[in-house]
Amino acid sequence: MNQEQTLEIIPLETLLDRVRGMRAKGYRLVQIGATRLPEQVEMTYSFDLKNSLANLRFHVPAAEARIPSISSIYACSFLYENELHDLFNIQVEGMSVDFKGNFYKTAVKYPFGSTKAPAAQPATAASTPLPAGTAPVAGTPT
Amino acid sequence: MAYFEMCRLALKWALTKPPTSRYPFQPRKVIPGSRGQLVFTKDNCVYCTVCAKKCPTGALLVNRAEKKWAIDRLRCISCGYCVDLCPKDSLALSTSHGNAATSRTQEFH
Amino acid sequence: MARTVIPFGPQHPVLPEPIHLDLVVEDERVLEARPSIGFIHRGLEKLVEKKDYIEFTYIAERICGICSFIHGQTYCQAIEAIMNIAVPPRALYLRTVWGELSRIHSHLLWLGLMADAVGFESLFMHSWRVREQVLDIIEATTGGRVIFGSCKIGGVRRDIDAAGISDMLRKLETIEQEIRRITKVFINDSSIKSRLCGVGVLSREEAYDLGCVGPTLRGSGVAQDMRQLGYAAFADLQVEPITRTEGDSYSRCAVRCDELLQSIDLIRKAMSKIPAGEIEIKVTGNPSGEVTMRTEQPRGEVVYCVKANGTRNLQRFRVRTPTFANLPAVLKVLQGCELADVPVLVLTIDPCISCTER
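Chains as they are written, first to last, in the working numbering: chain E, 1 to 142; chain W, 1001 to 1109; chain U, 2001 to 2358.
The shape of chain E in the complex, shown without the other chains (with noise of 0.2 Å):
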């Protein structure tokens, strides 16, 4: 299997640099992903051309987290920049078409970006109470 992928970790000033280097090149976009550690997010830019992946990779704090937007250089980033809006709280500015939060509809808002503890998806609990020595039930949100 061939899933041949390199990591790079810039820092987030050259991000709109690097990017437009990629498109120059004839990157196309493939994704734009977030992961919320305890105190910061890692930002991963993937780009693919001819079936080798590149990534590059952020860090931004989880509190005040302002990217600027790549929406001028890729049209496509628009969803994406606004689902890490949605679901991380992080400021991106510049959007190309910006949905000011309502792209998705969740129970929670920011569900990634609290900086407490990630809040429970409000669970539809079973309605039997468990007897004693059972083993846990993990409700999945319906």
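Keep in mind that the hints were calculated from the coordinates and are not lab data.
Just so you know, even glycine gets a beta-carbon here, dropped at the ideal spot from N, CA and C.
Some clues are possibly wrong.
As the list claims (entries may be wrong) - To give an idea of the interface, some chain W residues facing chain U are shown, with a C-beta separation under 8 Å as derived from the structure:
| id | residue |
| --- | --- |
| 1 | I1031 |
| 2 | R1035 |
| 3 | V1039 |
| 4 | G1058 |
As the list claims (entries may be wrong) - Simulated pairs of lysine-lysine, DSSO-like, Cα-Cα distance not exceeding 30 Å:
| id | chain 1 | residue 1 | chain 2 | residue 2 |
| --- | --- | --- | --- | --- |
| 5 | W | K1029 | U | K2171 |
| 6 | W | K1068 | W | K1054 |
| 7 | U | K2282 | U | K2193 |
| 8 | W | K1088 | W | K1068 |
| 9 | E | K50 | U | K2171 |
| 10 | U | K2184 | W | K1017 |
| 11 | W | K1068 | W | K1042 |
| 12 | U | K2171 | W | K1017 |
Given chain E's structure and the hints, the job is docking chains W and U onto it.
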């Protein structure tokens, strides 16, 4: 010509038996190996609670002290994970899907 | 004439899943479309905090009902790459066969929906009648019609014996003949051509820049197919991406029709080469590390970013599904189209909104 293709199909299915079956007047076609409802054999069970711990949806409740095994039928997804894990072969998946439930209660054995 | 805003969805006869588009219309011509999604957002990415990584296979499979097997397969492949597990070759071949069966049933479903969207209901019924035969094969080999439940970390859960293989190949011959009849209608019928040709044209550069994947990209001439990465048994089976150059809805339909026949061919090749042996390998311990895994779903390229930190629960599970990548293309082709073409254009990317919103 595509027009003749559809005419031929229409004529064929007008003259042959329809592919659907007249359920419930005809019994349902049973495919062996299909994953249906979970079947519990009480005699083999030793109440080790492995099935309840590993159930992905939490549909099984096992009480070792009181020797009770319960299943919430509406939570069971018939994945068969408990069947693979049971050390005493007391669980199996039948091919029928069982009756419809009218309320969310647990079935105690 | 003043502009009207017509809401399309979330409930619409032509949509398989709920998506809402506000169409700004002037005199039967759509000026722009504003999407609003979130009707089927189930927060599956957050569920990694509650379910351990082995149980999560079942959740990954249920992200989508139509493309469910390849979701499960990609998840298992990602965890196996993190944990450096060597899956036995027989399991790889079985996964490939089930993945291609999943692709056949998904494309037949889409062909039926497209026929229904242009009003050709009898063709819709015939497509789904053929699909029922494919679902019977799937149920006989895996136990479930749509949610296969047969992929697990370290291999597959069920084997197909020699009798099952010959039975499957025999049924596939009938299915192939029926598929050839039905795709002949899709390609040649004049009413379908008048509804699909020239509608929703995406040039090659536009499709590439908008980030399209799958048949949407291949219908515009870019030969990109993630099966060329060589996952599962595709290292031994060469896949040539099927492309067309016109970039309109008709060419995307034609690409999917040809992929149906390509998938049947791949299943036959895989079944002739399948090695004997184990179907699973025991998995112990917890994963630690991260990987980005890409596979080819019926709708395009799916990207799984999985990050594990050595505990039972994964740290991060991110899915970028093909419909999410194709959505900007829909919004682009909807600008300037006729109102009557909106169902065709929304369906032409094969929208799977439950994948998009996990």
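Exercise for the section: Sort out whether K1017(W) lies within 30 Å of K2171(U), counting only the CA atoms. Expected result: Given pair K2171(U), K1017(W) holds - Cα atoms ~19 Å apart, limit 30 Å.
Practice task
With a cut-off of 30 Å on the C-alpha distance, tell me whether K1068(W) and K1042(W) pass.
Solution key: Roughly 10 Å between the alpha carbons, so the hint for K1068(W) and K1042(W) holds.
Handout entry: K1068(W) paired with K1054(W) [C-alpha distance capped at 30 Å]
Key = Cα-Cα ~17 Å, so holds.
Problem - Interface hint for V1039(W), Cβ within 8 Å of any Cβ on chain U - result: Because about 14 Å separates V1039(W) from the closest Cβ in chain U, which is outside the 8 Å limit, the hint is violated.
Problem - Restraint outcome when I1031(W) is required to lie within 8 Å of chain U by C-beta distance - result: Result: holds, 5 Å to nearest chain U Cβ.
Practice task
Verify the proposed pairing of K50(E) with K2171(U), using a straight-line Cα cut of 30 Å.
Solution key: Not satisfied, since the Cα-Cα distance of roughly 37 Å exceeds 30 Å.
Practice task
For the pair supplied as a hint, K1088(W) and K1068(W), confirm whether the alpha-carbon distance does not exceed 30 Å.
Solution key: 16 Å, holds
Handout entry: Straight-line alpha-carbon gap K1029(W) to K2171(U), limit 30 Å
Key = Holds. K1029(W) to K2171(U) sits at ~17 Å (cutoff 30 Å).
Practice task
Starting from K2184(U), check that the Cα of K1017(W) is at most 30 Å away, please.
Solution key: Distance ~24 Å between K2184(U) and K1017(W) Cα, so the pair holds.
Problem - 30 Å Cα cutoff - pair K2282(U), K2193(U) - result: 52 Å, violated
Practice task
May I ask you to test the interface hint for G1058(W) with respect to chain U, counting a Cβ-Cβ separation under 8 Å as satisfied?
Solution key: Nearest chain U Cβ about 10 Å off; hint violated.
Problem - Status of the R1035(W) interface restraint (C-beta, 8 Å, chain U) - result: 4 Å, holds
Going through the hint list in order, the structure does not satisfy hints 3, 4, 7, 9.
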